[in-house]
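**Q** Here the protein sequences come in this chain order: A and B.
The first sequence begins at 1 in our numbering and counts up by one.
The second sequence begins at 1 in our numbering and counts up by one.
To be clear, the hints were calculated from the coordinates, so they are not data collected in a lab.
There could be a bad hint or two in this list.
[As the list claims (entries may be wrong)] If the Cβ cut is set under 7 Å, some of the chain A residues that face chain B in the computed set are:
| hint | residue |
| --- | --- |
| 1 | 88 |
| 2 | 112 |
| 3 | 125 |
| 4 | 129 |
| 5 | 131 |
| 6 | 134 |
| 7 | 162 |
| 8 | 166 |
| 9 | 255 |
| 10 | 262 |
Because the structure is a prediction, the values reported are computed rather than measured.
Even glycine gets a Cβ: it sits at the ideal position worked out from N, Cα and C.
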Amino acid sequence: MTLLTILFDGVAYGMLLFVLACGLAVTMGLMNFVNLAHGAFAMAGGYVCAILVNRSGLPFFAALPIAFLVSAALGALLERTLYRHLYARSHLDQVLFTIGLVFMSVTACDYFMGSSQTFIHLPDYLQGQIDIFGLGVGRYRLMIIVICGLLTVALQLILSKTRFGSRLRAAVDDPRAASGLGINVPQVFALTFAFGCGLAGFGGALGAEILGLDPYFPLKFMIYFLIVVTVGGSSSITGPFLASLLLGIGDVAGKYYVPKLGAFVIYTMMIVILIWRPNGLFGRANAR
Amino acid sequence: MFNRTRTMLQGIAGMALMAASAVTAAQAQETVKIGLIVPMTGGQASTGQQINNAIKLYMQKNGDTVAGKKIEVILKDDAALPDNTKRIAQELIVNDKVNVIAGFGVTPAALAAAPLATQAKVPEIVMAAGTSIITERSPYIVRTSFTLAQSSTIIGDWAAKNGIKKVATLTSDYAPGNDALQFFKEHFVAGGGQVVEEVKVPLANPDFAPFLQRMKDSKPDAVFVFVPAGQGGNFMKQYAERGLDKSGIKVIGPGDVTDDDLLNGMGDAVLGTVTAHIYSAAHPSAMNKSFVADYKKAYGTRPGFMAVGGWDGIHLVYEALKKTGGKVDGDALIAAMKGMSWESPRGPISIDPDTRDIVQNVYIREVKKVDGELYNVEFATFDAVKDPGKTKK
Numbered sequence: 001m002t003l004l005t006i007l008f009d010g011v012a013y014g015m016l017l018f019v020l021a022c023g024l025a026v027t028m029g030l031m032n033f034v035n036l037a038h039g040a041f042a043m044a045g046g047y048v049c050a051i052l053v054n055r056s057g058l059p060f061f062a063a064l065p066i067a068f069l070v071s072a073a074l075g076a077l078l079e080r081t082l083y084r085h086l087y088a089r090s091h092l093d094q095v096l097f098t099i100g101l102v103f104m105s106v107t108a109c110d111y112f113m114g115s116s117q118t119f120i121h122l123p124d125y126l127q128g129q130i131d132i133f134g135l136g137v138g139r140y141r142l143m144i145i146v147i148c149g150l151l152t153v154a155l156q157l158i159l160s161k162t163r164f165g166s167r168l169r170a171a172v173d174d175p176r177a178a179s180g181l182g183i184n185v186p187q188v189f190a191l192t193f194a195f196g197c198g199l200a201g202f203g204g205a206l207g208a209e210i211l212g213l214d215p216y217f218p219l220k221f222m223i224y225f226l227i228v229v230t231v232g233g234s235s236s237i238t239g240p241f242l243a244s245l246l247l248g249i250g251d252v253a254g255k256y257y258v259p260k261l262g263a264f265v266i267y268t269m270m271i272v273i274l275i276w277r278p279n280g281l282f283g284r285a286n287a288r
Numbered sequence: 001m002f003n004r005t006r007t008m009l010q011g012i013a014g015m016a017l018m019a020a021s022a023v024t025a026a027q028a029q030e031t032v033k034i035g036l037i038v039p040m041t042g043g044q045a046s047t048g049q050q051i052n053n054a055i056k057l058y059m060q061k062n063g064d065t066v067a068g069k070k071i072e073v074i075l076k077d078d079a080a081l082p083d084n085t086k087r088i089a090q091e092l093i094v095n096d097k098v099n100v101i102a103g104f105g106v107t108p109a110a111l112a113a114a115p116l117a118t119q120a121k122v123p124e125i126v127m128a129a130g131t132s133i134i135t136e137r138s139p140y141i142v143r144t145s146f147t148l149a150q151s152s153t154i155i156g157d158w159a160a161k162n163g164i165k166k167v168a169t170l171t172s173d174y175a176p177g178n179d180a181l182q183f184f185k186e187h188f189v190a191g192g193g194q195v196v197e198e199v200k201v202p203l204a205n206p207d208f209a210p211f212l213q214r215m216k217d218s219k220p221d222a223v224f225v226f227v228p229a230g231q232g233g234n235f236m237k238q239y240a241e242r243g244l245d246k247s248g249i250k251v252i253g254p255g256d257v258t259d260d261d262l263l264n265g266m267g268d269a270v271l272g273t274v275t276a277h278i279y280s281a282a283h284p285s286a287m288n289k290s291f292v293a294d295y296k297k298a299y300g301t302r303p304g305f306m307a308v309g310g311w312d313g314i315h316l317v318y319e320a321l322k323k324t325g326g327k328v329d330g331d332a333l334i335a336a337m338k339g340m341s342w343e344s345p346r347g348p349i350s351i352d353p354d355t356r357d358i359v360q361n362v363y364i365r366e367v368k369k370v371d372g373e374l375y376n377v378e379f380a381t382f383d384a385v386k387d388p389g390k391t392k393k
């Protein structure tokens with residue numbers, strides 16, 4: 001029974017990691033842009049949700065999509081004004097620029113929201129556990145699994161079946177040929193970037209309850225996002241998805257069964273996987 | 001044209017006069033400079049803000065002159081990084097010629113400044129950092145906050161005497177967490193209790209789920225918790241999510257987990273938590289009531305235990321100056337501070353003349369709802385507790 005509880009918690013944690021990190025997989029893998037400020041958009045979503053729910057009294061489920069939209073709009077704005085100029089620059093320039101953004105977001109958030117933890121007031125029906133055949137299931141974690149599961153399917157469909165998905169893939173693989181075919185490449189990139197940021201914001205709003213929300217969020221979780229993308233390989237959505245699940249379950253199980261090793265299990269897993277598959281679980285051998 | 005020149009000349013003359021009079025005033029009334037080194041940014045920022053708020057409030061209430069001297073506080077942010085603390089302390093002592101250094105949000109910061117205090121013979125008033133060893137590192141250190149040993153031993157004794165037989169512990173894996181665990185365990189086990197499970201949580205990871213599951217499976221009567229104040233809310237929420245509150249497992253610990261600063265945001269899961277600590281915003285004294293009311297009016301929030309540390313720290317400096325008649329010599333100030341006792345918003349406190357550490361009441365409190373807000377309501381008092389980390393030696 002305990003094993004099932006651990007598995008359940010691990011899956012929920014992994015799903016959450018996936019939603020938080022998959023936007024990064026898109027910008028890093030598909031657009032080939034190293035965006036370390038990804039966590040800042042997640043934090044923005046978390047705070048938007050907290051402000052809407054706590055101060056304006058909006059229902060939690062209504063606040064979630066708004067968190068997505070606000071983060072996406074913020075992403076679109078920054079993409080048009082700042083990020084656009086760095087697409088052609090070296091990865092080092094991108095890293096330096098985005099880490100600078102992280103520090104700015106931390107300070108700005110500290111100034112406006114205060115440095116202590118912010119909690120989102122959840123409705124009662126999302127708190128506590130329900131009993132399913134003797135298995136104690138956390139309601140909030142169950143909701144995370146359902147929402148994130150649906151989201152994953154939707155993402156996969158958008159990328160593989162829609163016109164936008166094929167345009168994006170074309171724009172990434174060969175921008176010059178794609179624009180020759182009449183695809184507005186900058187526009188596709190801008191939309192994709194905004195969507196990735198929106199997902200991060202959505203993840204931040206969902207995750208605030210479990211991960212906590214304070215101005216240091218983008219720094220604290222940057223490593224986790226990067227681990228997910230590195231282990232999963234950044235050329236698809238499936239890779240980061242399986243990596244998130246694996247890491248989530250591994251992390252939770254490790255902490256339960258060998259609490260003394262605690263936080264190191266996730267790093268050990270990353271090292272082992274990367275020795276076995278240096279380009280990540282689903283990485284292309286000729287990844288750029 | 002002439003007119004304008006004349007006005008300008010008049011203006012200049014006026015300004016010169018004003019400057020001259022300002023100089024004479026400054027000469028007549030010397031200033032006592034206090035270098036306040038606290039984290040105002042970073043993860044510990046709420047500590048620095050509370051201390052700074054309380055000091056400003058104290059100076060508003062009591063004026064900024066003592067024994068004929070003007071008090072000037074120079075606020076510096078060290079972001080709780082000991083390297084910064086040391087550099088700032090040095091600059092304050094050497095360049096600004098401060099008479100007192102104060103603040104210190106975390107133990108490493110307080111320790112980093114200790115050798116400077118000794119060398120320069122400048123009193124170091126510790127208003128927050130809480131490990132036992134601090135006051136032993138310099139004869140010029142005086143503490144007005146608390147030590148973790150004070151609250152952890154008391155809750156250990158209390159739990160053993162109040163029907164709690166089996167305890168599982170969950171503490172953050174860093175120096176204060178280990179201090180809390182060690183002192184609690186010593187007293188709880190000596191009182192006949194049994195520790196059935198011991199988990200140390202990494203500082204960086206806030207998802208308590210697997211650790212809490214372990215707590216639940218070990219079926220204790222209570223969980224002893226110490227996590228840094230900021231994580232207390234997360235812990236309490238996940239404790240409820242896992243149904244530990246329904247399975248009758250109590251939460252006990254030193255009071256950091258239910259810091260007044262954050263308590264209201266934690267939700268009803270925190271109701272019934274029993275902690276031992278030095279201060280509650282609900283402390284039923286007239287002095288505390290006016291302290292809380294003034295603080296709320298000025299800053300819009302409730303003061304926590306860090307604010308009280310700052311309030312008492314500045315009070316200590318004021319009173320010591322009164323005793324020395326305005327003499328700012330370090331040895332004279334320290335001598336004046338030793339053995340001093342006064343009424344604080346937290347209750348009666350004094351400075352131990354042997355260790356220069358604070359002696360104070362430790363209260364056992366339960367989280368209750370009062371007028372729709374959550375408070376730590378005190379129900380038992382242990383009088384004049386010295387730091388057990390030292391009396392042991």
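**Q** At a threshold of 7 Å, is the proposed contact between residue 166 of chain A and chain B supported by beta-carbon distances?
**A** violated (38 Å)
**Q** Hint residue 131 of chain A vs chain B: min CB-CB distance below 7 Å?
**A** violated (9 Å)
**Q** Less than 7 Å between beta-carbons is the criterion; does residue 255 of chain A satisfy it with respect to chain B?
**A** holds (4 Å)
**Q** Taking the closest Cβ pair, is residue 134 of chain A under 7 Å from chain B?
**A** violated (13 Å)
**Q** Could you check if residue 262 of chain A really has its C-beta closer than 7 Å to a C-beta on chain B?
**A** holds (5 Å)
**Q** Going by Cβ atoms only, is residue 112 of chain A closer than 7 Å to chain B?
**A** Result: violated, 13 Å to nearest chain B Cβ.
**Q** Was the hint right that residue 88 of chain A lines chain B, CB cutoff 7 Å?
**A** violated (35 Å)
**Q** Quick check on residue 129 of chain A please, does its C-beta sit within 7 Å of some C-beta on chain B?
**A** Holds, because the Cβ-Cβ distance from residue 129 of chain A to chain B comes to roughly 4 Å (cut-off 7 Å).
**Q** Does residue 125 of chain A pass the interface hint, meaning its C-beta sits closer than 7 Å to a C-beta of chain B?
**A** violated (13 Å)
**Q** Was the hint right that residue 162 of chain A lines chain B, CB cutoff 7 Å?
**A** The hint is violated - residue 162 of chain A has no Cβ within 7 Å of chain B, the shortest such distance being about 34 Å.
Hints 1, 2, 3, 5, 6, 7 and 8, counting from the list given before, are not met by this structure.
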